[in-house]
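Given these sequences and hints, build the entire structure.
Given next are the chains, with one letter for each unit.
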Amino acid sequence: MTGTGNIVAALPFPTAAKPKLADSQLRDNLRRATHTIRDKRLRTVAELPEWERLRLAGAAIKDDVLARLPELLVEFEAAATAAGATVHWARDAAEACGIAVDLALSTGTREVVKIKSMATQEIGLNEALEAVGITPIETDLAELIVQLAGDTPSHILVPAIHYNRHQIRELFARRMPGVDLDALTDDPAALAEAARRHLRARFFSARVAISGANFAIAETGTLVVVESEGNGRMCLTLPETLISVVGVEKILPTVRDLDVFLQLLPRSSTGERMNPYTSAWTGVTPGDGPQQVHVILVDNGRSDVLADPVGRQALRCIRCSACLNVCPVYERVGGHAYGSVYPGPIGAILSPQLSGAGANATLPFASTLCGACFEACPVRIDIPEVLVHLRQEIVAAAGATPERAAMRAAAWVLRDRRRYSAALRAARRFAAPLRLVGRPDAVRHLPWPLTRWSASRDTPLPARETFREWWSRERA
Amino acid sequence: MRIALFITCVNDLVFPGTGRAVVRILERLGHTVDFPPEQTCCGQAHANSGYRAEAMPLVRRFVDTFAGYDAIVTPSGSCTAMVREAYPRLAAGDHGLAAQVAAVAPRVFELSELLVDVLGVTDVGAHFPHRVTYHPTCHGLRMLHLGDKPERLLRAVGGIELTELPGADECCGFGGTFALKNAGVSAAMLADKCDAACGTGADFLAAADNSCLAHIGGGLSRRDGPRAIHYAEILAATKEDS
Ligand code: SF4
Chain A
11 MTGTGNIVAA LPFPTAAKPK LADSQLRDNL RRATHTIRDK RLRTVAELPE WERLRLAGAA
71 IKDDVLARLP ELLVEFEAAA TAAGATVHWA RDAAEACGIA VDLALSTGTR EVVKIKSMAT
131 QEIGLNEALE AVGITPIETD LAELIVQLAG DTPSHILVPA IHYNRHQIRE LFARRMPGVD
191 LDALTDDPAA LAEAARRHLR ARFFSARVAI SGANFAIAET GTLVVVESEG NGRMCLTLPE
251 TLISVVGVEK ILPTVRDLDV FLQLLPRSST GERMNPYTSA WTGVTPGDGP QQVHVILVDN
311 GRSDVLADPV GRQALRCIRC SACLNVCPVY ERVGGHAYGS VYPGPIGAIL SPQLSGAGAN
371 ATLPFASTLC GACFEACPVR IDIPEVLVHL RQEIVAAAGA TPERAAMRAA AWVLRDRRRY
431 SAALRAARRF AAPLRLVGRP DAVRHLPWPL TRWSASRDTP LPARETFREW WSRERA
Chain B
6 MRIALFITCV NDLVFPGTGR AVVRILERLG HTVDFPPEQT CCGQAHANSG YRAEAMPLVR
66 RFVDTFAGYD AIVTPSGSCT AMVREAYPRL AAGDHGLAAQ VAAVAPRVFE LSELLVDVLG
126 VTDVGAHFPH RVTYHPTCHG LRMLHLGDKP ERLLRAVGGI ELTELPGADE CCGFGGTFAL
186 KNAGVSAAML ADKCDAACGT GADFLAAADN SCLAHIGGGL SRRDGPRAIH YAEILAATKE
246 DS
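Protein sequence lines correspond, in order, to chains A and B.
Numbering-wise (this note's numbering), the first sequence opens with residue 11 and increments by one.
Numbering-wise (this note's numbering), the second sequence opens with residue 6 and increments by one.
In short, the hints are calculated from the structure, not lab data.
Some hints could be false.
What the hints assert, rightly or not - Restricting the straight-line Cα-Cα distance to at most 20 Å, the calculated cross-link-like pairs of lysine to any residue (SDA-like) are:
#1 B:Lys186 with A:Ala369
#2 B:Lys186 with A:Trp458
#3 B:Lys244 with B:Leu167
#4 B:Lys186 with A:Ala465
#5 A:Lys50 with B:Ala173
Predicted model only: the values in this text are computed from it and were never measured.
In structure tokens form, the structure reads like this:
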């Protein structure tokens, strides 16, 4: 079943990228932020001589999970249910939202506190809650910034990466109710303090919390959330009802597997050796914490991804965002250009797969295949391999296009030595009158559609003698 | 050892000097180089753009052409990576072809691999009295893991002054058809690469791939920056040339 929700980009990537490229403030913010995290990641990863072995172990555990996913999900359901949780299954975004909204409504609450979660972003849960008059309150600092701004997240880990601290101060001053304007400087500590005061009241009044999960342990029915601020833990422990929305690929077979992932994840995502808060809960503990615990297991296209032997590796992803932070394309345009809630390299392979053939067809082409993402990925997802694989599907589905005709013609010429040599000679003759005055080996302006190339670069021209001509003159 | 030169289509047509440089270096070291005339193109542009069916005949042509050689050298990191990394994948469904690929692909070397790893040479007897900065292209860096092999060869060149390129490992923004499909992003990446290159004060920016160099050099030629040059041409230069 095809995935739905916030995974389909409204605009083609090049169109959405255009205004972002023109925004020099945005590019500055992105460059500074991604380079800071990137350098920190490199330093902490370099401390572990066994890093490559950890990556292999992470990939192997996830591959094992993908190979026997149905069985592990059933195991998880049985264990979680035995521990007092209620497990729900959702095939797509609409079903998942429906279940979560009904659960929230049945408590009679008008307000829910939320832990930052990609799964709830994916299914568009905030919009669904608002539609029935329930206010979702994001408690992650960066997510709160985005929510106050009425914006959408632009990074998997740092949703507000496209803002700098001056912009955030302005936003708090305008939008945060009851903020103390005198104490509010653009110092990160002052901003965090303002957010803390703002959120504190909500934590104590909220009766329902909504979370995602980084990991779901099949053996024990345990859910795990990894975070930096501790706000997530407040949500997980204070309210009466906890609803967790979990993608089916989040399963790990046993508690022991956490050993690998709790090393891979923080170093890859924030460049920390260990994240400050790791919370794990298993069903209900009478008299302690939420007494109503619901888990919604969401497919939303994942089964289709699983069926593709090349593309399925995208489901190993642990959403660390390392691939975003090293991606030169992401660095220039930011997350909004990708349209989907999953931006950057992982988004370019995940969103088109989740949403099925046809949607997001420009995303797999939004990469130079430079390979930086693969090198950074803690679970060794060969993103360039999947990008090329998806390009093949998209090109095949597109049928007869001018590009295909050109590729066919080129392949026909290149398949035969005589045709190839003749084409080289023809290109050489054609180039002769184009030579640039002053630089006889280059040309400045090319005709459309090559203007897209020549707008920013001179073009080298065919040489006066091809290599094979030289060879047969000199050596043969 | 029977060494064949795979010139690559771009070099054949646009940068034949790079091929002549490879021949010159190897002959100076006492080797004979063969140029099988049946060769055309490795099919990288087709395969990377999603045109697998169109790339397949080129895969076959390549393995047929180069089957009999001990080593196949090519002055292009991305074409080497195409043959060594992508061919086995492309041929996976076809047993006969997969066997042919398995026999030929591991013997395809980027120039610095042939010189340093296979022939055991770092000093090729070159002389190039200029200031040079080196850009390690993505495929050379992250697919072939060339490491500092090209720089080791360059460091042994007489008269050369090597200067570091800031952000050297960042992609230049070429990416084949990416430069056309996402021209704006490509141009932004190119601008940053050109800024970094100009900041080094070098006379030349060298790399192991003329496709990336055509893109970077095309940007640099609109500024007062270093000139783009394939590092093989530096390794081929001697005192008599300067
Ligand atoms: S693809 Fe890899 S690097 Fe990117 S977010 Fe997922 S796990 Fe992290």
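Status of the hints after comparison with the structure:
1. Taking the CA atoms of Lys186 of chain B and Ala369 of chain A, the gap is about 17 Å. The hint holds against a cut of 20 Å.
2. Among the hinted pairs, Lys186 of chain B with Trp458 of chain A is consistent with the structure: their alpha-carbon atoms are about 13 Å apart, no more than 20 Å.
3. For the hint linking Lys244 of chain B to Leu167 of chain B, the alpha-carbon distance of about 18 Å falls within 20 Å, and the restraint holds.
4. Restraint check: the Cα-Cα separation between Lys186 of chain B and Ala465 of chain A comes to about 13 Å, which is no more than 20 Å; the hinted pair holds.
5. Between the alpha carbons of Lys50 of chain A and Ala173 of chain B the distance comes to roughly 18 Å, so the proposed pair stays at or under 20 Å and holds.
Consistency with the previously given hints is maintained throughout, with no hint failing.
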